[in-house]
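Novice: The lines below spell out each chain.
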Amino acid sequence: MPSAEITLDLTPVDAPPSKRRGRWRTIGVLVVLALAVLALLSQGLLHSLNYFETIPQAMGSRAKLGTETIRLEGVVKRHSISRTSSGASFEMTGGGKAVFVNAHGSPPQLFQANIPVVVVGHFTNSTSDSFYGTQILVKHTASYIAAHPKRVKAPNGTVR
Amino acid sequence: MMKLLSQRLLGPVTLVLLALTFWLGLWVTPPDKVQGNLARLLYVHPAVAWVALYLSFGTATIASALYLWKRSRSVVMDRVAHCAMEVSLVFIILTLITGSIWGRPAWGVWWAWDARLTSTAILGVFAVGYLALRRANDDFELQARRSAVVAILAAINVPIIHFSVQWWKTLHQGASVFTPGGNFKVHGIMLTTLFISLAAFTLLFFWLLRERYRVEVLREERQRVSLDEALAQRRREGVH
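Respectively, the protein sequence lines represent chains R and U.
Note that my numbering has the first sequence beginning at 1, numbered continuously upward.
Note that my numbering has the second sequence beginning at 1001, numbered continuously upward.
Same shape as in the complex, but just chain R (with noise of 0.2 Å):
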């Protein structure tokens, strides 16, 4: 005679899931990972693979390119930095190159004459030397240098 205090649960439980179940979740995660993968790579590397045009190739095409918007790279020549009211204009230098870059908008914390940049915008026109900026982006090297190597530290704790 079974004890009263035993019950059993009888209660329907979920079946395990099943074989097919688990490969439709994985066609799933599949699809779905190759669409991210897809729209990054078309985002990025498919339409933008070179993340810039250098100077001189961007004056060597410069007819076909038109008024197009393009990411310009080239470094910012001496002296040559004017802050204006809507953002700044200055000469940039590569290959042998110049373009008049006149942006709009406020520059990077670093940019500074010297320096690598890249200038989103277009030139003025498809014979024109002078370039329209939208955006600075500053391009630093991958040297790291010290601000002042030559400071010595005084007995007193002092930076010389």
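FYI, nobody ran anything at the bench for these hints, they're computed from the structure.
Owing to the predicted nature of the structure, the values given are computational and were not obtained by experimental measurement.
From the three backbone atoms N, C-alpha and C, an ideal C-beta is built for every residue, glycine too.
Any given hint might turn out to be false.
Here are a few chain R residues that face chain U, going by a calculated C-beta distance under 7 Å [what the hints assert, rightly or not]:
id, residue
1, Gly22
2, Val37
3, Ser143
On the provided structure of chain R, position chain U as indicated by the hints.
Specialist: Relative to chain R, chain U alone:
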């Protein structure tokens, strides 16, 4: 004995090296000539990326290959691959976050769709896909095999990320340490601190991997015990 000692010392040595990195990076090293104090991120971002792309993703890939190799189907290798991939995902996210924090004041933008950044984001998506795939199927053998294949396929992206700054024109800077010419572009104590940070984050990876592995073993153990208990309970019910 040596194994026990290294196990006990791993955590404290990691913490000491991390503390040393932050002390040198924040107080001892000079500001950079061009970037000023922004360059202090040099002691965090490359080390985090080193762990994300090479150490943890590399570990996950090698363990996955060893799992598939000659049908060894080693549970240990599958577990190592799974744990290393989780660590990798965390560090890929940290790489992208620290890169953005650096990029905003240096470049002027939080994000740029250049080859280096985009390919790193793709690796992050692969890591998420790997972990999602492991949860998609309840059949252990199947999930281990499929995720191992995904890890090996995704690893093709790692050399693409590494060489992207050489192959294409990117906004991201080129190599400062592992340069094609083999020369260092970081000077003096800045270079020393960079190497200490690489060592600290390398140890941090092994520490995290070891702890995550231990948690995984405990989780599996608990799952097995609960199953055994449930079976025993059913048997007891059957006897009565």
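Novice: Is the interface hint satisfied for R:Gly22? The criterion is a beta-carbon contact with chain U at less than 7 Å.
Specialist: holds, 4 Å
Novice: Is the shortest C-beta separation between R:Val37 and chain U less than 7 Å?
Specialist: holds, 6 Å
Novice: Holds or violated: R:Ser143 as interface residue toward chain U, Cβ cutoff 7 Å?
Specialist: Since chain U brings a Cβ to about 5 Å from R:Ser143, closer than 7 Å, the hint holds.
In the structure shown, no violation is registered for any of the earlier numbered hints.
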